[in-house]
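The residues making up each chain are set out below.
Number of protein chains: 2
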Amino acid sequence: MDIITSLREGNRLALSKVLTHVENNTPTGQQALEMLFPSTGSAYLIGITGAPGTGKSTLVNSLALSLRRQANIPKVAIIAVDPSSPYTGGALLGDRVRMRDLSGDTGIFIRSMASRGALGGLAHTTTAMSQVLDAAGYDIILIETVGAGQSEVEIAGLAHTVIVVEAPGLGDEIQAIKAGILEIADILVVNKSDKPGAENSRRALQAMLEMARGGGYNPPARKHLFQVTEPAAVVEVTDESEWTPPIICTIATENQGMDELLEAIKNHQKYLKKSTLWERRDKENLALELEGLIRDALSEKWSTEMPKEVIERTLDEIYQRKIAPHTAVKHLLAYNKART
Amino acid sequence: MDIITSLREGNRLALSKVLTHVENNTPTGQQALEMLFPSTGSAYLIGITGAPGTGKSTLVNSLALSLRRQANIPKVAIIAVDPSSPYTGGALLGDRVRMRDLSGDTGIFIRSMASRGALGGLAHTTTAMSQVLDAAGYDIILIETVGAGQSEVEIAGLAHTVIVVEAPGLGDEIQAIKAGILEIADILVVNKSDKPGAENSRRALQAMLEMARGGGYNPPARKHLFQVTEPAAVVEVTDESEWTPPIICTIATENQGMDELLEAIKNHQKYLKKSTLWERRDKENLALELEGLIRDALSEKWSTEMPKEVIERTLDEIYQRKIAPHTAVKHLLAYNKART
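Taken in sequence, the protein lines are chains P and U.
Residue numbers for the first sequence follow the working numbering, so the first one is 5 and each next one is one higher.
Residue numbers for the second sequence follow the working numbering, so the first one is 5 and each next one is one higher.
Because the hints were derived from the structure by calculation, they are not lab data.
There could be a bad hint or two in this list.
Pairs count within a copy or across copies, as identical chains cannot be separated in the list.
[Unchecked claim] The list that follows gives simulated cross-link-like pairs (lysine to any residue, SDA-like), each with its CA atoms no further than 25 Å apart:
#1 Lys326 / Arg12
#2 Lys199 / Arg299
#3 Lys305 / His128
#4 Lys334 / Arg299
#5 Lys334 / Asp300
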């Protein structure tokens, strides 16, 4: 109870501490999540992703400032998912550089997340951290993912609105498609649009969008342990196909194009609320979260109950190619059954 | 039995079919893996990763040709992990472009892998496919991952030797660190080294390596369900710290620098065999594979046994913020226990 009050009252130190507990998945963190969860569900999550070198971080900073000053959003949070490096022992650059730009604005809270050690669990941690910020009363949460890999796509997919950032002169016009991120874009940004080749980038994106529209919208298939049951699936796809991602040209370093970007975000938010998509994305995320937690709990329970010697013996047999992993799993599960 | 003989005899059609089954994780695929597993463990896996625009695919092609012609390797396979796009319905470019370059050489087998739908399971699928190629007698398997995300790092980490490719003029000298891929590099390549800025890229990498050496080697921490037990851990870290990643400058489009790259690969292979690293990477991969299979089996078993209504009711309560996901998991697992 006390912690919720602290968070709501804007105690940034308390917020930081809770986030650290949640990031490290400590018992305190889990308890905090349980307590805070009823207060979640009102934040608007915006994912920003794109290849390295597109000026994403600068864009996120500029967007956060615009949301505060032009759009009068009371509280904006940034979660920067930054793979850490062994050379720095933590997120590189990150907070320090940002702090300088955004310092003095108590309506903005920034958190860098190290992706190290969270293999396979990045999306889960991001969800949990955005729930804390949501409960703490942040109206908009910007989730920035560095890179263009599969995990980044997954993380960005957690957001209500996904912004994919491109920039001219990165050598490869088809980066976004190659990385499979264009398909999750709700808004496309060509940043560094004063650089040569910007118009080409814009046109290439335009052409791809038109190609996509010809083929019809094809929502990415997710593998679920359990499906989000919604009979209105047909209606929703129709809803979704009505949205055509706008292409916004920006120069983030000079805050140019921010008005257009704000406008596009506002439009998409309206569209989400009008269709069933807002609700659907929320439900999907919660189902995914539950699924991940159950998978973790089941395997933890299993490995606690299973004698270490049996696991080690099995691993040895696998190393020696005496038994295939698939066969080993059958044996191990049967062993478990025989025991209980 | 028949299938193994076919694969060993070099039946490429049979190989393709088995790989498709394995990629789609069909019962046939699982059965094939079980049968083939005893014949695995001899292939040398080389991971090649880096940001988009570095000319990675061209480098992989050139390397495959060099391995065949200069190093006289009888059978070389390429697994290209390419995020698919909804616009093409499959891997973009990929096979067709490669086929043209490498056609006519029956000692080279190429397979593109769509990453779509395999969320969270990419590393697993790559392992399985490399096991098939290993059993089919491929001496060297090149695993190319596009992008610089967390999954890509994970996949590249499956290899015995990891090559990280950079290129000048991609806007950001610290791409590799930002993406956290430098830490997994055994060999660094500056491709397109005839482009302006190549020398800068090389020097930046050199400086980072020296920084890293000063700080000591810091092997990435992996979260395991069960640990690979090896008392010789201290010795191994010492072994590993002896290896300094060489920086090779190449122009893959003109096959330049390939001799140096082959030499570096040969050296690293020697080093791996001399130290315990070869064995350790093999063991780690198999432990990870077993872990993934167990997690899948446990959650599949659970969701089969659990009444659908209970899951749906729980999801509804979560959507309505009546119950937190962490609490829901406790209820669900307790429910399961009460039932059996």
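Verification of the supplied hints:
no., hint, verdict
1, Lys326 / Arg12, "between (58 Å within a copy, 20 Å between copies)"
2, Lys199 / Arg299, "neither (47 Å within a copy, 48 Å between copies)"
3, Lys305 / His128, "both (19 Å within a copy, 22 Å between copies)"
4, Lys334 / Arg299, "both (18 Å within a copy, 12 Å between copies)"
5, Lys334 / Asp300, "both (19 Å within a copy, 12 Å between copies)"
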